[in-house]
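Participant: With the sequences and hints as input, model every part of the structure.
2 protein chains.
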Amino acid sequence: MPNEKFLGEFELIVIGALMRLGEEAYGVSIINEIDRRTGRDVSAGALYATLNRLEKKGYVRAHMGEASAVRGGRAKRFFEVTTEGRAQVERSSVALHQMMQGLPAWIKGAQA
Amino acid sequence: MPNEKFLGEFELIVIGALMRLGEEAYGVSIINEIDRRTGRDVSAGALYATLNRLEKKGYVRAHMGEASAVRGGRAKRFFEVTTEGRAQVERSSVALHQMMQGLPAWIKGAQA
DNA sequence: TATATTTATTCTACAAAACAGAATAAATGG
DNA sequence: CCATTTATTCTGTTTTGTAGAATAAATATA
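Read top to bottom, the protein sequences are chains E and V.
Counted the way this note's numbering counts, the first sequence spans residues 1 to 112.
Counted the way this note's numbering counts, the second sequence spans residues 113 to 224.
Accuracy of the hints is not assured; some may be wrong.
[Said to hold, decoys possible] 27 Å max Cα-Cα, derived DSSO-like pairs, lysine-lysine:
#1 V:K188 with V:K168
#2 V:K188 with V:K169
#3 V:K168 with E:K57
#4 V:K117 with E:K57
#5 V:K169 with E:K56
#6 E:K57 with E:K5
#7 V:K117 with V:K169
[To be verified] Derived list of chain E stretches under chain V, where covered just means 3 residues or more per stretch with a C-beta under 8 Å from a C-beta of chain V:
#8 31-43
#9 47-53
#10 98-107
Just so you know, the hints here were simulated from the structure itself, not pulled from any lab data.
Please read all numbers here as calculations on a predicted model, not as lab measurements.
Cβ coordinates follow ideal geometry from the N, Cα and C atoms, glycine included.
Facilitator: Put into structure tokens, the structure is as follows:
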């Protein structure tokens with residue numbers, strides 16, 4: 001029984017943010033990136049819950065940052081997408097596009 | 113506080129199927145269309161639950177079909193996307209694309 | 001060196017979405 | 001009538017999505 005599941009909508013958004021941020025991806029920067037790109041106001045709790053689930057599933061990997069805070073404050077936990085995670089994004093991407101491609105409501109979004 | 117929510121991943125898939133099927137959209141044909149396009153094996157229960165939820169939110173509208181079954185069997189319940197529903201697809205589409213556009217895992221899906 | 005401040009993550013709880021399988025319904029051919 | 005066919009509804013569970021309070025760790029400073 002091969003991999004049968006697809007990523008959820010928010011999971012996709014979160015992984016997208018990780019991919020864009022690269023090295024810089026941690027809690028606050030992820031929240032900001034999502035807000036910048038989608039106008040979505042994500043709470044910390046919501047984000048970490050999703051991040052932890054994705055980690056448990058092996059789609060993202062985490063590591064603690066150096067204690068190099070410039071101004072005070074707790075250490076950061078950085079995240080990156082795994083190869084598995086990337087594959088899942090592709091799977092979901094394909095499914096979504098196969099279903100939506102050519103539909104006006106979808107295309108319009110694509111070029112906005 | 114205007115409309116702040118986005119469609120779920122499966123909701124998007126289902127509405128996509130409705131848009132493609134047009135007049136022909138009802139339980140079984142929707143399940144088949146989703147399978148054809150995404151390889152996803154959707155159970156009747158899962159589909160109707162989603163359809164009903166979307167109806168409650170005003171994103172799809174339903175009407176019973178004529179009693180014109182060719183071979184026996186219960187009447188069909190046909191579904192169509194509302195203007196509101198179409199707008200929601202667009203909203204989700206924009207958000208998703210803003211976040212994913214340009215990422216290899218997303219683009220690859222688009223042209224597959 | 002206490003403690004206020006800053007930055008960030010974890011915890012707790014709950015609502016919504018996704019999903020399966022059994023039950024039920026309605027139609028018709030025999 | 002009753003078996004068969006086609007389709008929807010019901011019931012229950014798991015997974016995702018979400019917020020807000022609590023907690024943690026670091027540093028500046030009184």
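Participant: All hints are to be evaluated individually against the structure, with a verdict given for each.
Facilitator: Hint-by-hint comparison with the structure:
1. Annotation: proposed proximity of K188 (chain V) to K168 (chain V) holds, straight-line Cα distance about 19 Å (limit 27 Å).
2. For the hint linking K188 (chain V) to K169 (chain V), the alpha-carbon distance of about 21 Å falls within 27 Å, and the restraint holds.
3. As the CA atoms of K168 (chain V) and K57 (chain E) are separated by approximately 33 Å, the hinted pair breaks the 27 Å bound.
4. Between K117 (chain V) and K57 (chain E), the direct Cα distance comes to roughly 26 Å. Compliance with the 27 Å bound is thereby established for this hinted pair.
5. Between the alpha carbons of K169 (chain V) and K56 (chain E) the distance comes to roughly 33 Å, so the proposed pair goes past 27 Å and is violated.
6. At most 27 Å may separate the alpha-carbon atoms for a hinted pair to count; K57 (chain E) and K5 (chain E) meet this at roughly 11 Å.
7. Distance restraint check for K117 (chain V) and K169 (chain V): the Cα-Cα separation of roughly 11 Å lies within the 27 Å cut-off, and the hinted pair is therefore satisfied.
8. Residues of the region 31-43 of chain E lying with their CB closer than 8 Å to a CB of chain V number 5, which satisfies the three-residue condition for coverage.
9. Proximity of the region 47-53 of chain E to chain V, defined as three or more residues with a beta carbon under 8 Å from a beta carbon of that chain, is not established by the 0 residues found.
10. With 7 residues carrying a beta carbon less than 8 Å from a beta carbon of chain V, the region 98-107 of chain E meets the three-residue requirement, and the given coverage holds.
Violated hints for the displayed structure, listed by number in ascending order: 3, 5 and 9.
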